[in-house]
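Peer 1: Take the given structure of chain A and dock chain B to it, following the hints.
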Amino acid sequence: MGACTLPLLMLAGCAQKPAPETGFKSQSAASYVQAHGLKVDMQLPQAFVGASTVIDAKAAQEAAESSHNLVASSGNTAGLAGLLVASLINTQMGSGSLQRDAEKVALKDSRPMADLLAGVPLQERLQQRYQQASQAAGLKQGEGQVTGRLVIEPKLMLTPDRGSFVLINQVQVQDIAGMALYRMRIEVASQPIRRCGKQCIDDGSLDLTKVTAVLDECIDESMRVLAADLMLPAPPEAAQETLRYVLDGQRVVERGYQLANNGNYWRYRNLYGAVKSVPVPFEDALTQAQLQKVYAH
Amino acid sequence: MTFHAFRTWAALTLLACLTLTGCAHVQPPVPLDKQFWDAKEPTIGVAITVVPAPVLALTGQQGMLDYAINRGVNSKLSDNVEKWQVRDLNTLPDVIVAKLQAKGYKVKRINEPVDLNAYKETSFREGYVGRDLTPVKGAYGVDRLLLVNVFATGATRSYYGFVPTSVPMAQVSGQGMVVDLADNKLLWFKPFTAVQAAQGEWDEPTYTNLSNAFYQAMDNSRQQMITPFEQ
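First to last, the protein sequences are chains A and B. Residue numbering for the first sequence follows the working numbering, starting at 1 and increasing by one per position. Residue numbering for the second sequence follows the working numbering, starting at 1 and increasing by one per position.
Source of the hints: derived by calculation from the structure; they are not laboratory data. Think of the CB as a built atom: it goes at the ideal place given N, C-alpha and C, for glycine as much as any other residue. Careful: at least some of the hints might be erroneous.
Stated by the list, open to error - Lysine to any residue pairs mimicking SDA-like chemistry, simulated, CA-CA at most 25 Å apart:
(1) B/Lys99 - A/Leu286
(2) B/Lys99 - A/Glu241
(3) A/Lys210 - A/Gly119
(4) B/Lys185 - B/Glu112
(5) B/Lys76 - A/Tyr272
(6) B/Lys76 - A/Glu241
(7) A/Lys293 - B/Val86
Said to hold, decoys possible - Residues of chain A clear of chain B, computed beta-carbon distances all greater than 12 Å:
(8) Gly119
(9) Val211
(10) Leu291
So that you can see chain A by itself, here it is in the shape it has in the complex (with noise of 0.2 Å):
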């Protein structure tokens, strides 16, 4: 009976998965910023080169329809026990086998990006490049003893056409005593890093004077959403929208909140409270003015 009970639940999968971290920020930390300035501390990760992985659409839905009707024709002719059997042949193909075999090209397309950076001094240059980021948005730097720390930890992500990247920022700003003021995850979307442009066919090659170039682009674009975003107040619930654009040939949705836009890059918070920064428009955009307007009530 235990044994048959145990499975079951399993299958009806009762428990809740935790979810991500969202973005956290305390009231006091932009005037403790203004009033006591920070210290960059970027912190590079091991794995700081990834690709996102990639799953055709028609694929995975063929997956789905297959496990989905091996589930369901197991129960309609074995009852329980059917289900059990299929429940535990669908964890080796189908959807799962889609995942892994992502997984491998995705490690094997991140190596040139990987290579390409490993004959740079990351730690030294993102390190330098940030200060002098953080500078440049208007974020007070920190002299002296007591000072505020702003932690970064980066990672560049290929994007599935893999000629552009996101840059993800894990961003904390810490008070002298190390507790968090400030939590948020930051991501930019890079301008195109093919060597011929947006719009091209080339070897595939990688520049890295080109790269170099992209990644400080995001690097500055971070810091100047970083100093916007300290200042902001949170949304009002009323302000949330469904955000539509179409980077590198791929229709993005997402709900969300929009933000003021900043030059070449359009920005928004998601529902985990991330901030996007992406270099197109969105569709239907709210104005300046109508966004004013949200914010004000």
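Peer 2: Here is chain B on its own, set in the frame of chain A:
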């Protein structure tokens, strides 16, 4: 049994068979043809039906007790689904109006949601709408009606008894049509169903990925309705 009685029984049996087997007629899609684009004179009314509120639909083989258990287990998810917004569908006619106006067509936005049940049902005729929509012509002063008819919004999850056989999937379904209000002829007919799985975990406390999937399914439906008028 007399011949008359036999004939009566035979007729009743045939009628019962026809009723029970349900001679369901399905209107196949009708592509938007050149005739539509060539006619710039007729006024096109653009409207949407009342968009049903999002719900969680539990499908599959379930007894009454199973269904009650499954509803209970999914109550939090169901509450969440009911909070999803369908404003993006209600604004869809405005987008289509703008596209047609930009091409120089006479277009009128019909602001009230159209209730198809208010119009008389007609017998099935392929290539014609199943309701008599000709009164719309006089009521709104339009010659053609471009209607987005949304059937279902929300999420669906299948069960075998009380065991789930699928994860919840966001869904939006309906049909788009252009009707000639002189004779109810379909100048365009396109059924759509957008089903979207959550990207990442679906069962987080706030169901964020599933919510995003719903808005993606809604965007997919919008695109299916907008694209034919962008040519």
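Peer 1: Looking back at the numbered hints, which does the structure fail to meet, lowest number first?
Peer 2: Checked against the structure, no hint fails, so every one of them is satisfied.
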